[in-house]
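There are 2 protein chains.
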Amino acid sequence: MNKEIPYKIYLEESEMPKSWYNLRADMKNKPAPLLNPKTFEPMTYEDLRPVFCDELIRQELDDQTAYIPIPDEIRNFYKMYRPAPLVRAYCLEEKLQTPAKIYYKFEGNNTSGSHKLNSAIAQAYYAKKQGLKGVTTETGAGQWGTALSMACAYLGLDCNVFMVKVSYEQKPFRREVMRTYGASVTPSPSETTKVGREILKKHPGTGGSLGCAISEAVESASEREGYRYVLGSVLNQVMLHQSIIGLETKAALDKYGVVPDIIIGCAGGGSNLGGLIAPFMGEKLRGERDYRFIAVEPASCPSLTRGKFAYDYCDTGMVCPLSKMYTLGSGFIPSSSHSGGLRYHGMNSVLSQLYDDGLMEAVSVEQTSVFEAAQMFAKVEGILPAPESSHAIRVAINEALKCKETGEEKTIVFGLTGTGYFDMVAYQKYNDGLMSDYIPTDEDLAVGFAGLPIVPEK
Amino acid sequence: MNKEIPYKIYLEESEMPKSWYNLRADMKNKPAPLLNPKTFEPMTYEDLRPVFCDELIRQELDDQTAYIPIPDEIRNFYKMYRPAPLVRAYCLEEKLQTPAKIYYKFEGNNTSGSHKLNSAIAQAYYAKKQGLKGVTTETGAGQWGTALSMACAYLGLDCNVFMVKVSYEQKPFRREVMRTYGASVTPSPSETTKVGREILKKHPGTGGSLGCAISEAVESASEREGYRYVLGSVLNQVMLHQSIIGLETKAALDKYGVVPDIIIGCAGGGSNLGGLIAPFMGEKLRGERDYRFIAVEPASCPSLTRGKFAYDYCDTGMVCPLSKMYTLGSGFIPSSSHSGGLRYHGMNSVLSQLYDDGLMEAVSVEQTSVFEAAQMFAKVEGILPAPESSHAIRVAINEALKCKETGEEKTIVFGLTGTGYFDMVAYQKYNDGLMSDYIPTDEDLAVGFAGLPIVPEK
Chain A
36 MNKEIPYKIY LEESEMPKSW YNLRADMKNK PAPLLNPKTF EPMTYEDLRP
86 VFCDELIRQE LDDQTAYIPI PDEIRNFYKM YRPAPLVRAY CLEEKLQTPA
136 KIYYKFEGNN TSGSHKLNSA IAQAYYAKKQ GLKGVTTETG AGQWGTALSM
186 ACAYLGLDCN VFMVKVSYEQ KPFRREVMRT YGASVTPSPS ETTKVGREIL
236 KKHPGTGGSL GCAISEAVES ASEREGYRYV LGSVLNQVML HQSIIGLETK
286 AALDKYGVVP DIIIGCAGGG SNLGGLIAPF MGEKLRGERD YRFIAVEPAS
336 CPSLTRGKFA YDYCDTGMVC PLSKMYTLGS GFIPSSSHSG GLRYHGMNSV
386 LSQLYDDGLM EAVSVEQTSV FEAAQMFAKV EGILPAPESS HAIRVAINEA
436 LKCKETGEEK TIVFGLTGTG YFDMVAYQKY NDGLMSDYIP TDEDLAVGFA
486 GLPIVPEK
Chain B
36 MNKEIPYKIY LEESEMPKSW YNLRADMKNK PAPLLNPKTF EPMTYEDLRP
86 VFCDELIRQE LDDQTAYIPI PDEIRNFYKM YRPAPLVRAY CLEEKLQTPA
136 KIYYKFEGNN TSGSHKLNSA IAQAYYAKKQ GLKGVTTETG AGQWGTALSM
186 ACAYLGLDCN VFMVKVSYEQ KPFRREVMRT YGASVTPSPS ETTKVGREIL
236 KKHPGTGGSL GCAISEAVES ASEREGYRYV LGSVLNQVML HQSIIGLETK
286 AALDKYGVVP DIIIGCAGGG SNLGGLIAPF MGEKLRGERD YRFIAVEPAS
336 CPSLTRGKFA YDYCDTGMVC PLSKMYTLGS GFIPSSSHSG GLRYHGMNSV
386 LSQLYDDGLM EAVSVEQTSV FEAAQMFAKV EGILPAPESS HAIRVAINEA
436 LKCKETGEEK TIVFGLTGTG YFDMVAYQKY NDGLMSDYIP TDEDLAVGFA
486 GLPIVPEK
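Going down the list, the protein sequences come from chains A and B. Under this note's numbering, read the first sequence as residues 36 to 493, first letter to last. Under this note's numbering, read the second sequence as residues 36 to 493, first letter to last.
For the record, the hints were derived by calculation from the structure and aren't laboratory data. Note that the structure is predicted; figures quoted are calculated from it, not measured. Where hints are given, some of them may not hold.
No copy labels: a pair is met if it fits in one copy or bridges any two.
[What the hints assert, rightly or not] Taking lysine-lysine and the DSBU-like style, the derived pairs with C-alpha atoms no more than 35 Å apart in a straight line are:
{"hint": "1", "residue 1": "K290", "residue 2": "K343"}
{"hint": "2", "residue 1": "K53", "residue 2": "K464"}
{"hint": "3", "residue 1": "K130", "residue 2": "K114"}
{"hint": "4", "residue 1": "K114", "residue 2": "K163"}
Work out the full structure, taking the sequences as your base and the hints as a guide.
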């Protein structure tokens with residue numbers, strides 16, 4: 036059955052998935068519904084319409100339809116950078132002298148540098164189809180903002196990005212990529228929104244936060260004719276679009292008769308992890324096949340490993356709906372780390388439910404060990420990984436080293452979500468031996484937990 | 036014959052070329068030999084041994100062998116990022132509303148961000164095979180230094196890069212990528228070499244130049260046991276290794292029965308252009324098929340379009356051999372531009388000979404028009420191109436627009452040599468409307484020409 040495995044398994048364009056896979060359809064324990072932050076009632080389609088695009092709300096609320104066709108226009112865009120390669124990490128295996136077989140799905144082969152583009156083009160497409168003029172969003176590390184600006188440039192849609200001010204200043208190149216794609220980029224907090232002005236009044240010198248940027252983007256979208264707000268992670272619609280990662284991975288493995296034992300992904304809001312594991316988890320839920328799934332999160336922001344499974348606000352500003360999820364509390368401020376894409380207090384509700392049901396494992400790792408893995412990987416595999424992605428590399432290496440001890444020939448698949456070209460400040464710190472680790476104390480976590488909303492039992 | 040053309044034509048690993056193609060073997064007018072800068076006699080194998088690796092000297096001097104096998108170790112490295120995709124630019128064609136069919140060979144799918152890696156791994160491999168401890172080189176824009184540091188990390192070879200000081204300071208992220216790969220990076224001029232100290236004494240505040248960095252790298256290699264100097268362009272050995280670009284391009288086109296009319300590449304020292312056109316030019320030289328070839332150079336550094344075909348020094352320091360080439364004179368200082376990779380006073384001798392024989396065309400373009408093309412390309416094709424590569428994009432667009440006027444359905448192929456992730460300062464200048472063009476006057480050129488060496492006729 037096994038053909039010789041190439042370094043990179045590329046699917047043909049004709050083998051690219053024609054539908055996204057909605058994992059919720061196969062879950063017995065469905066994720067809990069979003070709640071209205073004022074009434075604590077489940078959010079309805081109509082509740083969400085002022086903020087989100089119509090079709091995206093349908094996708095957000097649909098936990099029944101297993102396969103949702105990918106429109107041709109989106110498939111054509113995907114063809115510019117997909118199918119993404121599934122790489123057999125021969126050189127890493129050799130370096131580790133492990134009997135394990137390691138594969139990674141590489142999502143960094145596009146200018147946005149990450150998997151975020153998979154959902155950005157879908158969200159921009161539905162916004163365009165609805166006849167909207169533009170979309171607003173927030174960005175922290177900048178990958179999502181970049182992806183969205185690319186998608187909007189392609190479709191001729193206006194794109195307004197609120198970028199956390201400290202990132203805006205520290206990552207001028209990220210900002211310039213977005214501007215090159217025609218997006219307007221506003222440092223947040225800004226004078227352009229009510230909530231921004233209020234925050235600036237209270238905290239004149241603040242560098243901003245993701246929570247604040249979300250609030251500004253939401254306000255900006257709701258107050259302008261023909262605009263809606265879009266989001267790059269956490270939501271179920273994002274998970275749905277990202278299922279293309281897992282579907283392609285599975286198709287490529289199936290082509291060569293390879294069955295993974297362990298599937299590993301980094302986990303911030305969950306967009307990559309959820310997308311990668313979706314079709315495999317579907318098999319597990321349907322009792323067809325068993326896999327180990329490992330979510331890897333930073334020790335500085337351990338929502339799965341140290342958080343609570345509870346209803347919480349999705350944003351720091353508490354204007355967004357409540358989601359039932361593993362959370363550190365929307366008031367938890369993760370210590371500054373070099374994996375901005377993983378600095379989120381909560382976790383997508385589907386992944387949270389699966390984790391709570393014991394269907395998935397989670398581990399947390401410290402950033403110096405992550406950069407050590409990143410550098411080793413870069414040297415032997417030739418790709419400079421994003422710090423976020425490198426969390427998965429770290430644990431893949433750990434698992435491969437366990438195989439070395441036991442002699443087991445396990446097959447390990449991990450998601451390499453993106454490249455680190457815009458993270459060289461972090462690499463520089465690591466190269467200079469100046470990087471440190473931050474692990475919140477129980478007291479730090481208690482502050483976040485204290486702010487969890489009290490939701491009346493139904 | 037024509038199958039439906041996918042957006043990206045990927046070859047199988049088994050279809051990857053097994054040999055490099057040495058275009059010189061098919062040339063009737065061979066390029067003139069390198070001359071010893073002191074005696075003006077042709078450089079021999081022994082003359083070159085103190086500076087270059089043995090096997091690379093053989094390749095440099097061999098103008099007879101058409102196909103040189105690629106060692107398995109190099110092929111295995113290539114497999115980490117090759118075969119590189121040949122992309123059908125459907126979206127660009129649609130944007131331009133042209134009947135032309137546009138393809139580009141994309142060489143930016145690796146962490147070094149450019150085609151330079153194709154020769155870096157070959158040069159590092161032969162150095163390692165010779166039992167050397169390490170290699171030295173210079174880098175300006177940083178693509179070559181990055182590529183070499185990746186190749187050396189893979190092979191466990193020491194890598195010392197002399198980086199033009201102004202780039203070292205302005206492109207700290209490039210520097211950090213090299214350091215992440217374990218290379219030592221020294222700003223040039225430095226106190227570590229005799230030539231560096233002399234220059235610093237004369238010009239205490241200088242930002243350095245490529246010519247100075249070459250001199251330091253050559254000195255550093257010659258004075259240390261177990262070290263040799265390597266170079267990323269201009270030399271025939273580099274052109275040979277880069278032929279993999281053209282061979283893959285041709286294999287991919289042949290697979291779909293596509294015959295190009297026009298082949299376009301940007302031209303600095305000639306490494307990419309020479310590699311891309313090699314097998315096609317071979318057919319033309321053998322009278323099998325005709326193509327138009329267009330070399331695109333910056334108007335600020337127009338070696339083909341405004342230079343002289345003469346023997347000249349390859350470096351500003353005049354320590355390297357003389358090469359017969361189109362040159363602006365080794366004393367010509369190109370005005371600062373955002374395409375550091377094209378700021379070279381000369382041109383590879385093979386390409387110079389072909390151009391002189393009327394087998395290839397050349398045009399020069401100004402940088403604002405190049406960035407205009409780059410931005411248009413980025414928006415529709417989703418890849419943020421390097422400024423150097425964007426010279427080829429500019430002329431491909433110009434040719435496609437001519438087809439629009441005439442209605443001709445020409446097939447245009449161009450080389451997209453790399454990505455622009457480390458060129459955001461340039462994009463920022465363009466986005467802010469602050470970019471200007473520099474065209475040397477005839478008086479500027481006269482200064483360079485005046486310094487051309489007087490070589491006795493044989």
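Under the constraints set out in the numbered hints, which ones does this structure not fulfil?
1 and 2
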